[in-house]
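Enquirer: full-length UniProt numbering applies: residue 1 is where the sequence shown begins, and numbers increase by one.
Worth flagging that the hints you see were computed from the coordinates, not collected in a lab.
A few of these clues could be false.
To be verified - Restricting the straight-line Cα-Cα distance to at most 30 Å, the calculated cross-link-like pairs of lysine-lysine (BS3-like) are: (1) LYS32 / LYS149; (2) LYS57 / LYS41; (3) LYS8 / LYS57; (4) LYS34 / LYS143; (5) LYS34 / LYS57; (6) LYS34 / LYS53.
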Amino acid sequence: MVDIGRDKTQIAVMQYSSYTRVEFGFNLNQDKEKLNAALEKIHHISGTTRTGKALDKALQLFKHGEISGARVNQEDVAQIAVVVSDGHSQDDPVPHAQRLRQAGVQLLALGIGGHINLRELIDITGDETLTFQNLTTQASLDKFVSQFKKIAVGEHCEFSRGPHGAEIICNSDSISIGVSTVNPFYGHLYVIGQYHRSECVATPRNASKQIQLTIPLTSCDVQKQFTLSPKGIMFETNVILKYHPHYNTYKDQVFNVQCFYPEKATKLPKKLLNNRVAISDRLVDH
Numbered sequence: 001m002v003d004i005g006r007d008k009t010q011i012a013v014m015q016y017s018s019y020t021r022v023e024f025g026f027n028l029n030q031d032k033e034k035l036n037a038a039l040e041k042i043h044h045i046s047g048t049t050r051t052g053k054a055l056d057k058a059l060q061l062f063k064h065g066e067i068s069g070a071r072v073n074q075e076d077v078a079q080i081a082v083v084v085s086d087g088h089s090q091d092d093p094v095p096h097a098q099r100l101r102q103a104g105v106q107l108l109a110l111g112i113g114g115h116i117n118l119r120e121l122i123d124i125t126g127d128e129t130l131t132f133q134n135l136t137t138q139a140s141l142d143k144f145v146s147q148f149k150k151i152a153v154g155e156h157c158e159f160s161r162g163p164h165g166a167e168i169i170c171n172s173d174s175i176s177i178g179v180s181t182v183n184p185f186y187g188h189l190y191v192i193g194q195y196h197r198s199e200c201v202a203t204p205r206n207a208s209k210q211i212q213l214t215i216p217l218t219s220c221d222v223q224k225q226f227t228l229s230p231k232g233i234m235f236e237t238n239v240i241l242k243y244h245p246h247y248n249t250y251k252d253q254v255f256n257v258q259c260f261y262p263e264k265a266t267k268l269p270k271k272l273l274n275n276r277v278a279i280s281d282r283l284v285d286h
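Turn these sequences into a full structure, and let the hints steer you where they fit.
Expert: Set out below in structure tokens:
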């Protein structure tokens with residue numbers, strides 16, 4: 001499924017019922033042989049289901065990397081938690097799941113048993129495409145493995161429109177950047193240095209193959225320059241297409257986006273000029 005190693009994927013296992021028990025941390029089993037041996041020694045615990053309580057324990061496991069081995073401070077390491085449950089928790093797991101996601105941990109849910117509450121599992125992950133049940137067929141197992149790899153390792157998405165995959169539209173008070181990919185896209189499109197501002201970030205929903213970002217000309221640190229030949233105003237910014245939702249990859253693409261507004265038009269609000277032209281969507285080395 002994935003390579004296990006000190007500089008590769010590392011796995012920790014927790015088991016829970018009415019209480020939560022950490023079977024082993026991320027840094028204890030550094031190869032597949034040791035991992036398989038450790039998994040075989042785990043004995044099932046019974047009791048009521050407290051998924052919310054277990055998710056809180058998982059958050060502590062990810063936060064305290066010095067103890068658990070979680071590499072929380074490494075940008076190139078994805079943090080993933082796979083919740084295995086029937087979806088019938090005795091406590092409300094959703095607020096606890098939201099705290100995990102806000103901390104940068106991507107959640108996948110695997111439903112097991114004869115009476116699965118799929119709605120609870122979807123609420124835990126926040127995304128139906130990250131929720132699975134009863135991996136009893138090869139097709140269902142392959143789908144789960146594929147989704148896990150996309151998040152853990154990252155996936156290259158080929159462009160399907162535009163010379164570099166980006167379509168630039170210069171609006172009267174904003175710039176729109178649209179990107180289409182051949183495969184579903186799970187990352188972000190945002191103005192470099194402005195990820196903390198919601199109006200400067202676009203995220204696809206439900207594993208879409210299209211993503212569009214509309215940047216206000218007066219926000220997101222868009223640079224404005226008056227030109228004399230030809231006369232007008234040039235607006236310029238750099239946006240990044242980040243393939244993985246949580247860390248940088250070598251496949252990430254940076255676009256230099258320019259819109260020119262000639263002086264001769266006068267109908268735009270706030271002195272923004274018409275007859276705008278998208279100058280480029282050229283790639284920038286980074």
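Enquirer: All hints, please: hold or fail.
Expert: Hints, one by one, checked against the model:
no.: 1; hint: LYS32 / LYS149; in the structure: 17 Å, holds
no.: 2; hint: LYS57 / LYS41; in the structure: 21 Å, holds
no.: 3; hint: LYS8 / LYS57; in the structure: 24 Å, holds
no.: 4; hint: LYS34 / LYS143; in the structure: 26 Å, holds
no.: 5; hint: LYS34 / LYS57; in the structure: 24 Å, holds
no.: 6; hint: LYS34 / LYS53; in the structure: 28 Å, holds
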